[in-house]
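Chain by chain, the residues:
2 protein chains.
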Amino acid sequence: MAPVYFTPGPAQLYPTVAGHLQTALDKQVFSQSHRSQAFKDLYQRADEGLRALFQLPQDYAIYFTGSATEIWERSLQSLTAQHTFHLVNGSFSKKYLDHAKWLGRQAQVLQKPFGQGFSLAEIQVPTGTELLTITQNETSSGVCMPVGDIHALRSLFPEPLVSVDMVSGAPYAALDFSQVDMAFFSVQKGFGLPAGLGVWLVNERCREVAATLEGQQYTGGHYSIASLHDQYQQFQTPCTPNVLDIYLLTHVVEDMLAKGIDTIRQETEAKAQQVYAFLEESALFAPFVQEKAHRSPTVLVAEVMEKPAAEVISHLKAQGLVVGSGYGAFKEKQIRIANFPAVTEQEIDRLVQAMRPI
Amino acid sequence: MAPVYFTPGPAQLYPTVAGHLQTALDKQVFSQSHRSQAFKDLYQRADEGLRALFQLPQDYAIYFTGSATEIWERSLQSLTAQHTFHLVNGSFSKKYLDHAKWLGRQAQVLQKPFGQGFSLAEIQVPTGTELLTITQNETSSGVCMPVGDIHALRSLFPEPLVSVDMVSGAPYAALDFSQVDMAFFSVQKGFGLPAGLGVWLVNERCREVAATLEGQQYTGGHYSIASLHDQYQQFQTPCTPNVLDIYLLTHVVEDMLAKGIDTIRQETEAKAQQVYAFLEESALFAPFVQEKAHRSPTVLVAEVMEKPAAEVISHLKAQGLVVGSGYGAFKEKQIRIANFPAVTEQEIDRLVQAMRPI
Numbered sequence: 001m002a003p004v005y006f007t008p009g010p011a012q013l014y015p016t017v018a019g020h021l022q023t024a025l026d027k028q029v030f031s032q033s034h035r036s037q038a039f040k041d042l043y044q045r046a047d048e049g050l051r052a053l054f055q056l057p058q059d060y061a062i063y064f065t066g067s068a069t070e071i072w073e074r075s076l077q078s079l080t081a082q083h084t085f086h087l088v089n090g091s092f093s094k095k096y097l098d099h100a101k102w103l104g105r106q107a108q109v110l111q112k113p114f115g116q117g118f119s120l121a122e123i124q125v126p127t128g129t130e131l132l133t134i135t136q137n138e139t140s141s142g143v144c145m146p147v148g149d150i151h152a153l154r155s156l157f158p159e160p161l162v163s164v165d166m167v168s169g170a171p172y173a174a175l176d177f178s179q180v181d182m183a184f185f186s187v188q189k190g191f192g193l194p195a196g197l198g199v200w201l202v203n204e205r206c207r208e209v210a211a212t213l214e215g216q217q218y219t220g221g222h223y224s225i226a227s228l229h230d231q232y233q234q235f236q237t238p239c240t241p242n243v244l245d246i247y248l249l250t251h252v253v254e255d256m257l258a259k260g261i262d263t264i265r266q267e268t269e270a271k272a273q274q275v276y277a278f279l280e281e282s283a284l285f286a287p288f289v290q291e292k293a294h295r296s297p298t299v300l301v302a303e304v305m306e307k308p309a310a311e312v313i314s315h316l317k318a319q320g321l322v323v324g325s326g327y328g329a330f331k332e333k334q335i336r337i338a339n340f341p342a343v344t345e346q347e348i349d350r351l352v353q354a355m356r357p358i
Numbered sequence: 001m002a003p004v005y006f007t008p009g010p011a012q013l014y015p016t017v018a019g020h021l022q023t024a025l026d027k028q029v030f031s032q033s034h035r036s037q038a039f040k041d042l043y044q045r046a047d048e049g050l051r052a053l054f055q056l057p058q059d060y061a062i063y064f065t066g067s068a069t070e071i072w073e074r075s076l077q078s079l080t081a082q083h084t085f086h087l088v089n090g091s092f093s094k095k096y097l098d099h100a101k102w103l104g105r106q107a108q109v110l111q112k113p114f115g116q117g118f119s120l121a122e123i124q125v126p127t128g129t130e131l132l133t134i135t136q137n138e139t140s141s142g143v144c145m146p147v148g149d150i151h152a153l154r155s156l157f158p159e160p161l162v163s164v165d166m167v168s169g170a171p172y173a174a175l176d177f178s179q180v181d182m183a184f185f186s187v188q189k190g191f192g193l194p195a196g197l198g199v200w201l202v203n204e205r206c207r208e209v210a211a212t213l214e215g216q217q218y219t220g221g222h223y224s225i226a227s228l229h230d231q232y233q234q235f236q237t238p239c240t241p242n243v244l245d246i247y248l249l250t251h252v253v254e255d256m257l258a259k260g261i262d263t264i265r266q267e268t269e270a271k272a273q274q275v276y277a278f279l280e281e282s283a284l285f286a287p288f289v290q291e292k293a294h295r296s297p298t299v300l301v302a303e304v305m306e307k308p309a310a311e312v313i314s315h316l317k318a319q320g321l322v323v324g325s326g327y328g329a330f331k332e333k334q335i336r337i338a339n340f341p342a343v344t345e346q347e348i349d350r351l352v353q354a355m356r357p358i
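As given, the protein sequences belong to chains V and B, one line each in that order. Take my numbering: the final residue in the first sequence is number 358, and no numbers are missing along the way. Take my numbering: the final residue in the second sequence is number 358, and no numbers are missing along the way.
So that you can see chain V by itself, here it is in the shape it has in the complex:
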């Protein structure tokens, strides 16, 4: 039996990926020009599927980049001149902040210890902030910010553009896109695709700000919002994109729509609940995130007591169950379990049964 990957990205492929890939090879999709009508039709179909899946407001546009990492940089270049504010509570939210500093922005931060989330009461976004960055799901620590809290930030702080990194939360996170201005993800997490594509969802308000900065500073060249949007209006991209991933994303999104996003969300929560319940009762494991409201349903981090985490990982791997190691300094003491849509309830059950007797 092939191993099951519970790794937080690259992750288990969505079950329909191999079939879609074969169809695309048979149809020679990857030899077609990215300037052809066939590619425009594909982009349009991806656009329609993603709009339906995320219930995007009309004014949103969808751009493709090489990675989510690139979107940290491009969003800062196109949307900010000076003042940014970052909610940082892990390695990936920290990298968004790093990028702002590298670009010379006056980046302010509210930082919480690894494993902790934010309470609304402690967040104070300074007047004059151009961009507020939020990591909806910290892949490193397993902390999420409930979407209700993200929506509340808009009414508390209506001035800044709100950027949501939902790299390891999409498509589970039921974000109300009318309450934020942009969001982004990469496809090797919740969508279960091979890595190499970032997806950037951008509203009209962002485009208006981007237009005012155009000509005032370097906004990202071919990957500025202005350039991306100019191409997007013909369902084109500034340079040759990862057509393979766009093709697979289009089809997997349609598969998810056929299944129903509500079903996917319910299954995600049920699977997460099963794992967290086990971690709480286990003597060997414990949930790393203390605050229940901040425990991610999509990337679950467990502390391993008494044994080195590597031993647990090897033990599970021998049974065909591949979990992720803890991030960075937490490698020795934690494991990470991705609970993406590609992983079934039966597979989560197998994992919990295998963890029980360790």
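Hints are not guaranteed to be accurate.
Which copy is meant is left open, so a pair is good if it fits within one copy or across any two.
Calculated pairs, DSSO-like style, for lysine-lysine (alpha carbon to alpha carbon, straight line, at most 30 Å) [stated by the list, open to error]:
| id | residue 1 | residue 2 |
| --- | --- | --- |
| 1 | Lys-94 | Lys-27 |
| 2 | Lys-317 | Lys-331 |
| 3 | Lys-27 | Lys-259 |
| 4 | Lys-27 | Lys-40 |
| 5 | Lys-27 | Lys-317 |
| 6 | Lys-333 | Lys-259 |
| 7 | Lys-112 | Lys-259 |
| 8 | Lys-40 | Lys-259 |
Since the hints were derived computationally from the structure, they do not count as laboratory data. Small disclaimer: the values here were computed from a predicted structure and weren't measured.
Starting from the known structure of chain V, fit chain B onto it as the hints suggest.
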């Protein structure tokens, strides 16, 4: 019979691609962490194959990006503060220049009309130039610069770093990498892979210049040469890369090495010769590039007399032969024929036989 793609990128897939892709799916390569030993081993294997194929000097490093477009930008950010010089004779060499201007560099240019190449005698690179950019093969116009001329520029102008865009010339172009400082390509051209990966070959001299600019200006964030090299030393990448393309590239490079790069070069020249000989004798077609030494062996551009080019393209397409349209303003009057290693001598023969009676 499946159509043959003579399009200049995305192009015909290399014949072994489908098999390698199936093997990778079977081995779940695309679910493996990009921080795993398995990925490091893959990167190292790609590195070894590319070194052998290009006969790279020891001091070169090999980095992966999302596209060749990105390398235009990143090379300018990491290697230049002020003065760049660009040889421009088509749309892609022009885009490298555009990027330098967007980044605020004092970019000087020697520009030739579309369809013409450069003679060494007319090139004068100003003193103080930090980076000289050369497009070895202009995908838009079908003009190449003979590698001997590129090598000669180094002795004529030893001061600037020399950057060679070999996007549609690799691996055919027998560039002597000791005579330049960096080169790059994307994989959807001569390597016959799905689009979505740029490959950047960078020598020690570039890294030394990059080190002096680090801290002085924005050098590209995660995609600065310093950051890429830091990761490269452990065969890692700054962010999750297109593992699928890296896997396919590794295996196709090994296939090419097994066949022999000399054989590939000889076949490329024989196929190009066959097409150009036909274009010269044809009443309907003519080679667009007048100067024989500047006629690209990898992207062949033909002028179409008397008929709209679209009619020729349709006629050939009906026979399962897909050629590219002319670039931009030349769409109505030209066709482009990619002569990459994925296209066999038999297929080129079929194309010429089909063009003959039009």
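Hints, one by one, checked against the model:
1. Lys-94 / Lys-27: Neither: 42 Å inside a copy, 34 Å across copies.
2. Lys-317 / Lys-331: within (16 Å within a copy, 55 Å between copies)
3. Lys-27 / Lys-259: For Lys-27 and Lys-259, both the intra-copy (25 Å) and inter-copy (27 Å) Cα distances are at most 30 Å.
4. Lys-27 / Lys-40: Only inside one copy: Lys-27 and Lys-40 sit 16 Å apart there, 33 Å across copies, limit 30 Å.
5. Lys-27 / Lys-317: between (37 Å within a copy, 15 Å between copies)
6. Lys-333 / Lys-259: neither (37 Å within a copy, 48 Å between copies)
7. Lys-112 / Lys-259: Neither way: Lys-112 and Lys-259 sit 37 Å apart in one copy and 56 Å across, limit 30 Å.
8. Lys-40 / Lys-259: Classified as within; 26 Å inside a copy, 37 Å across copies.
Hint check: violations occur at hints 1, 6, 7; the rest are consistent with the structure.
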